[in-house]
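Visitor: Listed below are the residues making up each chain.
Number of protein chains: 2
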Amino acid sequence: MTMNGAESLVRTMVAGGVDVCFTNPGTSEMHFVAALDRVEGMRCVLCLFEGVTSGAADGYARMMDRPASTLLHLGPGLGNALANLHNLKKAKSPVLNIVGEHATYHRQYDAPLTSDIEGIARPVSHWVKTSMSATDVARDGAEAIASAMTPPGQVATLILPADTAWNDGAGIAPLPRVAVRTPVAAENVRRSAEALRGGNATLLLGGVSLRERGQLVAARIAAKTGCRILAETSNARIQRGRGRLAIERVPYPVDQALATLKDTRAIVLCGSKNPTAFFAYPGKPSLFAPEGCRIERLADYHEDLVGALEALAEELGAPKSVAIPEAAKPPMPTGALNPDSIAAALAHLIPENAICVDEAVTTGRGFFKSTHGAAPHDWLALTGGAIGEGLCLSTGAAVACPDRQVIGLQADGSAMYTVQALWTQAREKLRVLTLIWSNRAYAILRHELTNVGATNPGRKALDMLSLGDPDLDWVGIARGMGVPGSRATTIEELAKAVRAGLATPGPYLVEVVL
Amino acid sequence: MTMNGAESLVRTMVAGGVDVCFTNPGTSEMHFVAALDRVEGMRCVLCLFEGVTSGAADGYARMMDRPASTLLHLGPGLGNALANLHNLKKAKSPVLNIVGEHATYHRQYDAPLTSDIEGIARPVSHWVKTSMSATDVARDGAEAIASAMTPPGQVATLILPADTAWNDGAGIAPLPRVAVRTPVAAENVRRSAEALRGGNATLLLGGVSLRERGQLVAARIAAKTGCRILAETSNARIQRGRGRLAIERVPYPVDQALATLKDTRAIVLCGSKNPTAFFAYPGKPSLFAPEGCRIERLADYHEDLVGALEALAEELGAPKSVAIPEAAKPPMPTGALNPDSIAAALAHLIPENAICVDEAVTTGRGFFKSTHGAAPHDWLALTGGAIGEGLCLSTGAAVACPDRQVIGLQADGSAMYTVQALWTQAREKLRVLTLIWSNRAYAILRHELTNVGATNPGRKALDMLSLGDPDLDWVGIARGMGVPGSRATTIEELAKAVRAGLATPGPYLVEVVL
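If you read the protein sequences in the order shown, they are chains A and B. Counting along the first sequence from 1, when you hit position 127 you're at 127 in the numbering used here, and nothing is skipped either side. Each position in the second sequence, counted from 1, maps to that position plus 1000 in the numbering used here.
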């Protein structure tokens, strides 16, 4: 049976384990869309803006450790997906982007949608290819999947000219050999052990070493050497809560980060990098390690992080197992809403096995510390600093894990960038409860204005950092996209709204008025 | 007096005539924001998503024929602006993008927001530069303005590392010599005249030749030669309505376009190009001109289009002036809403001197034909095919022309991409009346699915083209962002809602349920 290029690609994707597609198609992708009807096993999730597709693919990959795909409309569609592809790339999540393009023979005429798609793709992709013929499409797709799955996870962008989709294809292509995480060199282990034995050391975890398995080995290493365990400032996924290790992160504010690391004499990196300031500030350092601090790279992102930790535990003669201490849980607060009371309340409100998506920005600085003792959950944070991913991460995580509750901890300014994700949550009836911290400001920028030395700002500057005038009505916006919700102005109302949200079979949004 | 790099740039911009900035700033842009307080004459308009900034800059430039600026936060902020920069580039609008970047010495540490900004900028920019020192910033900015103003209008992207903003700058820089539109070669005029004299010819207008002045000359040429005057399919700005020439556009559907041009023996291009299909379709041609049709380029985009038309009229011995015939106006319809009745109603509802922004897509195919006899107005269409610009174009046009009424003719699917523009319209109290054609579908794609040969689509394909389940509540979404509105289900309700909108001092939205 003959199949066209588009169908050969869809079948190759399903066979290669890429069976979810976050789509925002246009004319040049119509054959791909048509092929979906003929192929079993591909779940398509429509998004009303392309930034939602890439953010959702990131959330999906973080929970599944395998790529979803996006379906995008030429250069501008890819452009709209770019910011969350940036975040996804920094999370080291795998993804397969399918970008429609003009028919090969049509490009020369410079039609309105003609653009340099490869040029737009390259800054956010590890692998970029334009299929040149319908008979290449399946093989190119298989190569793209293998590239995406290359540890620790890559961005593969396959550009699909319309005629390569509609002409006769060459059938399903087998997946090439996919790279696996490589073991670390014995020398890394030896030097890391030496660094930890010197005392006052920090083991800095990142990537998959922050899952439960890695934490248990890290706890053994800490028990033996007395080292401190820290996570990077922004992490793709940490398993945490009751029964897990209470791991703190390198703080975002420069002064706090410097204070945290000031007595550290050695830092061992495991899927992490030399701790770095998010931004530079006049007169402050870019790197947080104190002068003379020894930096040892135990394992690079793409290497076998948990295996490296096990080898290190072995080298150090660490105990075979250690008890994980019970984390304290603050009492349930009452009354006024503020970042501290909310943080304490979250320790009680996060349900068992939830997936928390943290784009809380300023409001959420203290959330982590207060929730070490909450019910076990996963914590997904913004890794690339491009705000506007939270609602999308939640969407993708909920598609990946339909049996788990997603809790979005969401700043208001950030939520606006990809607010269209709410509609997809409603259409797919996803179990996403979004808590909007409605402070009606780019609050982080008010601090940053001071941080960069711009004290005493005037009306014009402050107007650029305010989301008031008019206030956003989040309950109204969400309802307009099919997501029910309510407003909370006290801790008691927040708790009640969370209960209502958890009892709702689909998505729910709470505007938490600060 | 010493000023820092940021202030030297803002002052250079104001001195160079760039005095509107559509902003979505972040930390790396805080010195630029702080400088706004110290500099008179720069109007800053906050947008809650970067796609709004570039789309608004396009609307502004189309009405003012000079650049606005955007203020964007590193690579992802530029990425979010990219789709509408693509549209703006295809409109040949000028713009100056200011993109914040990490401090020069901080880039090496690969902080989360580090990306290849120049790489992202290049596919949508004519000019890209990263300032290397605070003392370069003003001069680089002046060069960028001159580049943006180079005819017919260019995209200039200046990347501003944070330390070049906060260190001491070198004062205001003078604007370099700005290029002007060049006269066309006499040979072009001679050959174009020859082509028109041959009969059955089409004069295809684009760019600024579609303003009133160009039309008057084109009408004289048509009176002499009997040629047909057509506009390109998508145009940045046409002055039209009562007293102007009733110019039809090359149709979007391939079969209609081929039929329109089938008897044409010569096409003379004036700020336009050889008519090309928007997309390729199996078995259909990419170019619309019939075989053997002579194609003559009278004037290229950057040349003096009106001067070229005048030279051509002279060469042909055309009459010095001709009367512009009165265009017919369909009677005001009643009852049911459909694309035809809406089109006829618009002929009566468009107010004097309005700016119509057309992103009506399928619903709007017939709007143009019915509104030749409406009150005089400007018509701004989507030039790059990247849907999601309409609300932004309206925003920018209203900032440019506060004394004129903007009417957005807006498809629902397209409106969702940059829905955040509504908030900016509310904050700035802009006179924008948006009519949302709520057909709850990517209706164009239903046609396109058939056009590419994918007939008889199944449930999965059709779901990807439907915006229902859940329906978007546009009045609710708009109200959530501070824009009042109402719903219309008949022509009478539409007329009443338009009157209400025109009587509202700020923005207003009408959900027109189809």
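In case anyone wonders, no lab produced these hints; they're calculated from the structure. Treat the hints with caution; some may be incorrect.
Stated by the list, open to error - Across the chosen pairs, the derived CB separations fall in these ranges: (1) B:Arg1043 <-> A:Lys284: 53 to 59 Å; (2) B:Arg1242 <-> A:Thr489: 51 to 57 Å; (3) A:Pro253 <-> B:Lys1429: 36 to 42 Å; (4) A:Tyr252 <-> B:Ile1295: 58 to 64 Å; (5) A:Asp255 <-> B:Pro1176: 28 to 34 Å; (6) A:Pro285 <-> B:Asn1274: 41 to 47 Å; (7) B:Glu1040 <-> A:Gly335: 44 to 50 Å; (8) B:Arg1107 <-> A:Asp65: 26 to 32 Å; (9) A:Thr489 <-> B:Pro1331: 51 to 57 Å; (10) B:Arg1242 <-> A:Glu493: 54 to 60 Å; (11) A:Thr450 <-> B:Arg1043: 37 to 43 Å; (12) B:Glu1040 <-> A:Asp255: 34 to 40 Å; (13) B:Glu1040 <-> A:Met332: 49 to 55 Å.
Said to hold, decoys possible - Each computed DSSO-like pair below joins lysine-lysine, with the alpha-carbon atoms no more than 30 Å apart: (14) A:Lys429 <-> B:Lys1460; (15) B:Lys1320 <-> B:Lys1273; (16) A:Lys460 <-> B:Lys1129; (17) B:Lys1284 <-> B:Lys1369; (18) A:Lys460 <-> B:Lys1429; (19) B:Lys1224 <-> B:Lys1329; (20) A:Lys224 <-> A:Lys369; (21) B:Lys1320 <-> B:Lys1224; (22) A:Lys320 <-> A:Lys429; (23) A:Lys369 <-> A:Lys320; (24) A:Lys284 <-> A:Lys224; (25) A:Lys320 <-> A:Lys273; (26) A:Lys129 <-> B:Lys1129; (27) A:Lys284 <-> A:Lys329; (28) A:Lys129 <-> B:Lys1320; (29) B:Lys1369 <-> B:Lys1320; (30) A:Lys284 <-> A:Lys496; (31) A:Lys224 <-> A:Lys273; (32) A:Lys129 <-> A:Lys224; (33) B:Lys1224 <-> A:Lys129; (34) A:Lys284 <-> B:Lys1273.
Note that beta-carbon positions come from the ideal geometry of N, C-alpha and C, so glycine has one too.
Visitor: Determine for every hint whether it applies to the structure shown.
Guide: Tested hints:
1. B:Arg1043 <-> A:Lys284: 53 to 59 Å: violated, 33 Å
2. B:Arg1242 <-> A:Thr489: 51 to 57 Å: Hint holds: Cβ distance 54 Å, inside 51 to 57 Å.
3. A:Pro253 <-> B:Lys1429: 36 to 42 Å: Taking Cβ atoms as reference, A:Pro253 and B:Lys1429 lie about 37 Å apart, which means the hint holds.
4. A:Tyr252 <-> B:Ile1295: 58 to 64 Å: holds, 60 Å
5. A:Asp255 <-> B:Pro1176: 28 to 34 Å: violated, 43 Å
6. A:Pro285 <-> B:Asn1274: 41 to 47 Å: Given range 41 to 47 Å: violated, Cβ gap about 58 Å.
7. B:Glu1040 <-> A:Gly335: 44 to 50 Å: The hint (44 to 50 Å, Cβ to Cβ) holds, given that B:Glu1040 and A:Gly335 are roughly 46 Å apart.
8. B:Arg1107 <-> A:Asp65: 26 to 32 Å: At 31 Å between Cβs, range holds.
9. A:Thr489 <-> B:Pro1331: 51 to 57 Å: holds, 54 Å
10. B:Arg1242 <-> A:Glu493: 54 to 60 Å: Hint holds: Cβ distance 57 Å, inside 54 to 60 Å.
11. A:Thr450 <-> B:Arg1043: 37 to 43 Å: violated, 25 Å
12. B:Glu1040 <-> A:Asp255: 34 to 40 Å: holds, 35 Å
13. B:Glu1040 <-> A:Met332: 49 to 55 Å: holds, 53 Å
14. A:Lys429 <-> B:Lys1460: At roughly 17 Å apart (the allowed maximum being 30 Å), B:Lys1460 and A:Lys429 satisfy the hint.
15. B:Lys1320 <-> B:Lys1273: Judged against 30 Å, a Cα distance of about 27 Å means the pair holds.
16. A:Lys460 <-> B:Lys1129: Answer holds: A:Lys460 to B:Lys1129 is near 27 Å, not above 30 Å.
17. B:Lys1284 <-> B:Lys1369: Cα-Cα ~26 Å, so holds.
18. A:Lys460 <-> B:Lys1429: The hint holds at about 17 Å.
19. B:Lys1224 <-> B:Lys1329: holds, 27 Å
20. A:Lys224 <-> A:Lys369: The given pair, whose Cα atoms are some 25 Å apart, holds under the 30 Å limit.
21. B:Lys1320 <-> B:Lys1224: Measuring from Cα to Cα gives roughly 10 Å; hence the hint holds.
22. A:Lys320 <-> A:Lys429: violated, 44 Å
23. A:Lys369 <-> A:Lys320: holds, 28 Å
24. A:Lys284 <-> A:Lys224: With a Cα-Cα distance of about 35 Å, the restraint between A:Lys284 and A:Lys224 is violated, given a limit of 30 Å.
25. A:Lys320 <-> A:Lys273: holds, 27 Å
26. A:Lys129 <-> B:Lys1129: holds, 27 Å
27. A:Lys284 <-> A:Lys329: Between A:Lys284 and A:Lys329 the Cα gap is close to 35 Å, so the pair fails against 30 Å, i.e. violated.
28. A:Lys129 <-> B:Lys1320: violated, 57 Å
29. B:Lys1369 <-> B:Lys1320: holds, 28 Å
30. A:Lys284 <-> A:Lys496: Violated, at roughly 44 Å.
31. A:Lys224 <-> A:Lys273: holds, 23 Å
32. A:Lys129 <-> A:Lys224: Roughly 49 Å separates the two Cα atoms, so the pair is violated.
33. B:Lys1224 <-> A:Lys129: violated, 53 Å
34. A:Lys284 <-> B:Lys1273: violated, 54 Å
Consistency note: the structure conflicts with the earlier hints numbered 1, 5, 6, 11, 22, 24, 27, 28, 30, 32, 33 and 34.
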